[in-house]
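*Asks:* One letter stands for each residue in the lines below.
There are 2 protein chains.
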Amino acid sequence: MTGRNTADIPASTIERLPQYLRCLLELQSMGVPLVKSDRLAGLCGSNAAQVRKDFSYLGELGTRGIGYEVSALIEHISELLGVKERRRVAIVGYGKLGSALHGYAGFPERGFEVVALFDVDPAKVGCTFDGIRVFHVDEAPRVVNELGIDIAIIATPARVAQLAADAVVEGGVKAILNLAPTRLVVPEEVDVRQVCLSTDLQILSFRIAQQEGSR
Amino acid sequence: MTGRNTADIPASTIERLPQYLRCLLELQSMGVPLVKSDRLAGLCGSNAAQVRKDFSYLGELGTRGIGYEVSALIEHISELLGVKERRRVAIVGYGKLGSALHGYAGFPERGFEVVALFDVDPAKVGCTFDGIRVFHVDEAPRVVNELGIDIAIIATPARVAQLAADAVVEGGVKAILNLAPTRLVVPEEVDVRQVCLSTDLQILSFRIAQQEGSR
DNA sequence: AGGTGTGAATATATTCACAGCT
DNA sequence: AGCTGTGAATATATTCACACCT
Numbered sequence: 001m002t003g004r005n006t007a008d009i010p011a012s013t014i015e016r017l018p019q020y021l022r023c024l025l026e027l028q029s030m031g032v033p034l035v036k037s038d039r040l041a042g043l044c045g046s047n048a049a050q051v052r053k054d055f056s057y058l059g060e061l062g063t064r065g066i067g068y069e070v071s072a073l074i075e076h077i078s079e080l081l082g083v084k085e086r087r088r089v090a091i092v093g094y095g096k097l098g099s100a101l102h103g104y105a106g107f108p109e110r111g112f113e114v115v116a117l118f119d120v121d122p123a124k125v126g127c128t129f130d131g132i133r134v135f136h137v138d139e140a141p142r143v144v145n146e147l148g149i150d151i152a153i154i155a156t157p158a159r160v161a162q163l164a165a166d167a168v169v170e171g172g173v174k175a176i177l178n179l180a181p182t183r184l185v186v187p188e189e190v191d192v193r194q195v196c197l198s199t200d201l202q203i204l205s206f207r208i209a210q211q212e213g214s215r
Numbered sequence: 001m002t003g004r005n006t007a008d009i010p011a012s013t014i015e016r017l018p019q020y021l022r023c024l025l026e027l028q029s030m031g032v033p034l035v036k037s038d039r040l041a042g043l044c045g046s047n048a049a050q051v052r053k054d055f056s057y058l059g060e061l062g063t064r065g066i067g068y069e070v071s072a073l074i075e076h077i078s079e080l081l082g083v084k085e086r087r088r089v090a091i092v093g094y095g096k097l098g099s100a101l102h103g104y105a106g107f108p109e110r111g112f113e114v115v116a117l118f119d120v121d122p123a124k125v126g127c128t129f130d131g132i133r134v135f136h137v138d139e140a141p142r143v144v145n146e147l148g149i150d151i152a153i154i155a156t157p158a159r160v161a162q163l164a165a166d167a168v169v170e171g172g173v174k175a176i177l178n179l180a181p182t183r184l185v186v187p188e189e190v191d192v193r194q195v196c197l198s199t200d201l202q203i204l205s206f207r208i209a210q211q212e213g214s215r
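As you go down the protein sequences, you meet chains W and E in turn.
So for the first sequence, this note's numbering puts the first residue at 1; every next one is plus one.
So for the second sequence, this note's numbering puts the first residue at 1; every next one is plus one.
Derived from the structure by calculation, the hints contain no laboratory data.
Among these hints, one or two may not hold up.
Note that identical chains are pooled: a pair holds if it fits in a single copy or bridges any two copies.
[Claimed, not checked] Derived lysine-lysine pairs resembling DSSO-like cross-links, with alpha carbons at most 30 Å apart: (1) 124 x 36; (2) 96 x 174; (3) 36 x 53; (4) 53 x 124; (5) 36 x 174; (6) 36 x 96; (7) 84 x 36; (8) 96 x 53; (9) 124 x 84; (10) 96 x 124.
Note that the structure is predicted; figures quoted are calculated from it, not measured.
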């Protein structure tokens with residue numbers, strides 16, 4: 001079956017596509033035109049069968065006996081991830097974390113453009129950083145809508161993250177990346193991804209404790 | 001079967017434990033002594049069956065007809081995650097992101113203590129921030145060992161992340177949380193977790209594209 | 001020969017549904 | 001009566017192994 005419909009691509013495959021894309025861009029920048037599943041697997045920390053299975057959901061992109069054309073894979077995956085045109089992003093909460101994200105080189109490289117910043121601090125509102133204006137969070141409903149912002153990154157303290165989310169949702173944001181360690185309640189059509197570094201540390205801590213205990 | 005052995009707790013359950021712990025601490029701070037699976041599920045964005053199944057791996061912690069004692073759950077989960085005593089953490093790369101993490105309130109609250117900072121910038125090496133000293137990355141093998149650091153958080157640019165990892169691995173770090181968008185190669189016994197915000201944005205972007213396409 | 005594409009087999013995770021305590 | 005604990009059923013994900021194309 002040629003997996004034409006994006007709806008029947010497994011979630012686990014989708015989660016790996018950005019990783020593949022990163023490795024493929026690296027190969028391309030090194031001038032590598034063709035790649036085999038086992039090589040790509042090595043670069044991504046995966047395995048050859050997984051790679052082939054994942055790509056098979058995107059269509060028959062490879063050539064038997066040869067491998068995959070790097071540029072064709074990049075094309076297909078970028079298309080699928082919806083990052084061929086730039087996605088417009090806002091950062092809510094312009095403290096240390098927010099400003100670190102604003103300067104993060106990985107975003108523009110991968111098709112994400114920060115087009116607005118939000119905070120509540122009067123000392124910051126109205127300023128521009130690197131050409132991007134800081135608006136008061138109260139203006140988010142209007143600004144998000146006017147600038148056609150798709151995704152908000154929430155980098156506020158946990159206790160105000162829900163208010164921040166409400167404001168950008170009112171403006172019509174379609175997805176939220178939440179860096180505040182709290183669960184957001186949003187309408188069903190808004191997609192939220194939670195990033196919690198403490199959670200990651202705790203998972204690592206578990207595995208350390210497990211190793212220590214087993215000795 | 002009473003799941004005494006940590007080794008047979010499913011990975012997916014482990015990944016949810018920090019989330020449960022956060023909600024339980026919140027309940028405790030509100031003075032709630034007892035919680036039922038459905039209530040906790042509501043707080044965590046899960047469902048009651050999942051909660052009960054997850055907890056069943058930790059032992060029989062609940063009381064039928066009544067629910068779970070909040071303090072007992074906190075005790076068990078903290079124990080299991082190995083965060084009852086503080087875990088010693090280093091931050092490698094003390095730019096905006098590194099310093100944002102250093103100030104992140106969630107770490108001390110959850111048992112993680114930042115005890116050393118590393119960078120290569122001569123302007124930073126030797127300084128102390130918030131009582132914590134910045135060492136040169138070259139000193140990491142010694143310092144990590146001397147301070148008994150368990151976990152390193154890598155917040156360097158991607159191109160030097162592997163060097164940073166090599167240095168802390170040499171010092172005997174047991175786990176790495178990698179915020180640089182690159183895959184690290186480390187010895188098998190060192191556990192790495194990758195956080196990549198671009199990846200998260202791309203996954204959100206896919207789901208937006210999918211919604212848009214379906215209309 | 002040397003690789004992909006993919007059904008079949010296996011492993012893992014989630015959900016259901018109800019027996020078993022309190 | 002009410003809620004946990006858990007086998008059984010289902011769904012999802014990974015891995016195997018080989019037919020099939022170049």
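*Asks:* For every hint, state whether the structure bears it out.
*Replies:* Structure-based check of each hint:
For the identical chains of this complex, residue 124 and residue 36 are neighbours neither inside a copy (50 Å) nor across copies (44 Å), given an alpha-carbon limit of 30 Å. Taking the shortest Cα distances, residue 96 and residue 174 sit within 30 Å of each other both inside one copy (25 Å) and across copies (28 Å). Taking the closest pair of Cα atoms, residue 36 and residue 53 come within 30 Å of each other only inside a single copy of the chain (13 Å); across copies the shortest separation is 41 Å, beyond that limit. For the homomeric pair residue 53 and residue 124, neither the shortest alpha-carbon distance inside one copy (49 Å) nor that between copies (47 Å) is at most 30 Å.
Taking the closest pair of Cα atoms, residue 36 and residue 174 never come within 30 Å of each other, the shortest separation being 36 Å inside a single copy and 33 Å across copies. Neither within a single protomer nor between protomers do residue 36 and residue 96 lie at most 30 Å apart by alpha-carbon distance, with minima of 42 Å and 38 Å respectively. Within a single copy, residue 84 and residue 36 get their C-alpha atoms as close as 24 Å, which meets the 30 Å cut-off; across copies the closest is 46 Å, which misses it. In this assembly of identical chains, the alpha carbons of residue 96 and residue 53 never lie at most 30 Å apart, being 41 Å within a copy and 39 Å across copies at closest.
Proximity of residue 124 and residue 84 under a CA criterion of 30 Å is satisfied in neither setting, with 33 Å inside one chain copy and 39 Å between copies. Taking the shortest Cα distances, residue 96 and residue 124 sit within 30 Å of each other both inside one copy (12 Å) and across copies (17 Å).
Hints 1, 4, 5, 6, 8 and 9, counting from the list given before, are not met by this structure.
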